[in-house]
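Q: Spelled out, the chains give:
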Amino acid sequence: MRGSRFPILVILTSFVLLLTLVAYFVRNDALLGIQWILVKWATLIAAFAVILGFLNVIAVHVGKLGSRAEGWPYSAVLIISAIAVLAIGLGGLVSRPEEGLWGPLMNPIFVWIIVPLQAASAALLPFILTYAAFRMLRMNRRLAAGVFLISALVVVISQLPILGMQDVLRDVREVWFSWLAIPGLRAVMIGVALGIAMATLRLVMGIERPQS
Amino acid sequence: MASQLGLALLLFLLVILLLTLLVFRRQRTPTLRHIAAFEALPDQTDRATESGQTLHVSLGTGGIGGSSTVSSLAGLSVLAYLADQGVAADTPPLVTVSSPTLLPLAQNVLRQAYIRRGRRGDFRWTQARLISPSPIAYALGAMDVLNHEPVLANVMFGSFGPEVGLIARAGAESHLIQITGSDDPTALSILYASTDDVAIGEELYASHVYLDRTPAGDASLVAEDLARVALILIVILLMFLGLMGAL
Numbered sequence: 001m002r003g004s005r006f007p008i009l010v011i012l013t014s015f016v017l018l019l020t021l022v023a024y025f026v027r028n029d030a031l032l033g034i035q036w037i038l039v040k041w042a043t044l045i046a047a048f049a050v051i052l053g054f055l056n057v058i059a060v061h062v063g064k065l066g067s068r069a070e071g072w073p074y075s076a077v078l079i080i081s082a083i084a085v086l087a088i089g090l091g092g093l094v095s096r097p098e099e100g101l102w103g104p105l106m107n108p109i110f111v112w113i114i115v116p117l118q119a120a121s122a123a124l125l126p127f128i129l130t131y132a133a134f135r136m137l138r139m140n141r142r143l144a145a146g147v148f149l150i151s152a153l154v155v156v157i158s159q160l161p162i163l164g165m166q167d168v169l170r171d172v173r174e175v176w177f178s179w180l181a182i183p184g185l186r187a188v189m190i191g192v193a194l195g196i197a198m199a200t201l202r203l204v205m206g207i208e209r210p211q212s
Numbered sequence: 001m002a003s004q005l006g007l008a009l010l011l012f013l014l015v016i017l018l019l020t021l022l023v024f025r026r027q028r029t030p031t032l033r034h035i036a037a038f039e040a041l042p043d044q045t046d047r048a049t050e051s052g053q054t055l056h057v058s059l060g061t062g063g064i065g066g067s068s069t070v071s072s073l074a075g076l077s078v079l080a081y082l083a084d085q086g087v088a089a090d091t092p093p094l095v096t097v098s099s100p101t102l103l104p105l106a107q108n109v110l111r112q113a114y115i116r117r118g119r120r121g122d123f124r125w126t127q128a129r130l131i132s133p134s135p136i137a138y139a140l141g142a143m144d145v146l147n148h149e150p151v152l153a154n155v156m157f158g159s160f161g162p163e164v165g166l167i168a169r170a171g172a173e174s175h176l177i178q179i180t181g182s183d184d185p186t187a188l189s190i191l192y193a194s195t196d197d198v199a200i201g202e203e204l205y206a207s208h209v210y211l212d213r214t215p216a217g218d219a220s221l222v223a224e225d226l227a228r229v230a231l232i233l234i235v236i237l238l239m240f241l242g243l244m245g246a247l
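Residue numbers (this note's numbering), protein chains in the order written: chain A, 1 to 212; chain B, 1 to 247.
Keep in mind the hints are simulated off the structure, nothing from the lab.
Label-pair ranges, simulated between beta-carbon atoms:
1) B:LEU231 / A:GLN159: 29 to 37 Å
2) A:ILE114 / B:ARG213: 41 to 49 Å
3) A:TRP112 / B:ARG213: 49 to 57 Å
4) B:LEU7 / A:LEU52: 31 to 39 Å
Glycine included, each C-beta is placed from N, C-alpha and C at the ideal position.
Could you build the full structure based on these sequences and the hints that come with them?
A: Right under this line is the structure:
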């Protein structure tokens, strides 16, 4: 990424970036047409990237299988699953093209296997966050850890059904959120917006050259 | 109205950037503020060289072509730096991505590092791995890498969601140093609590400038800081006007 040997790439990137950017601010049919063509090109490239990605996954796990690396049986399961799902998807596409990839076999695979597995993994997150809070207390961030812990306690305790105190607890949570949490969140988001805008300008002006 | 505000912000930034570039063309390079996450990276590459182990670099669950493009490019800048150092010491990083659009770019960054060292033949395409386009499945795959591959540290820069907690947990379990950066508030709260150094919000986008210092890049960060101060002043002014009932 350092020092461009391909100035034509830099000029091309700046031109395309500028064109796409201007199309957002200036309503012009010709510009929108060009933007649409660029989006179609990007979609086509992304489709090829998916094929490369699939081959990469297979290559990595065939390598593990070949070298009998730790956990190689899982790699075997992954390769068989990937090829089976691909065959089912393509088979469905050929036999019932009107339904696309979501044929009678593909849909249950997602609904009954992939979605529950992902939901089960996502359910671990609250426990992991609790662990993160304790880990933070062990690190040298005393003030930040204190604020983190107090925030977590405010959120948890204020949602408990403690008789006669629901209104007070709700008010405490409201104050905590609207006076501290949301302004902090907005500050981060304003900084992010500024950072994205400046990074865009760096790319347009060729100061940052990820393409070279 | 929103698009006009956006255009006004861009033009405002452009003017400040051009002025800053003019000023710093004549003066010496400015001193940038410290960002612990970027300062910690060279230590990790040194440790990797000494131990002969490698670093795991996660480029997040975002890709190229959507709202996460800028953060993904920032992750690639970090990868470019680590790849250069790693290839020189024969400990190239192990890269994982979630989006197929990011995979060829990550592979190209690694390949370029090998070419710069005159070792084109040593590059293997599987040094950058696609795990899964699904965030949770990606996190589980990255956990497997941290738990079973011989990695020394976990470096995560890019777009992440709450699933990053799973990866950070695996890193902590394996007692790895973890250096991270994200622009998502939920991911940031998790990373701040569970990893060693975090580039917060817009600090992530400064990765290219911090790791590959140029006068123009430095000037752009000074311009960004000036714009931030100006925006803070505008917010305070609007707040006072609001309190006085003028708005």
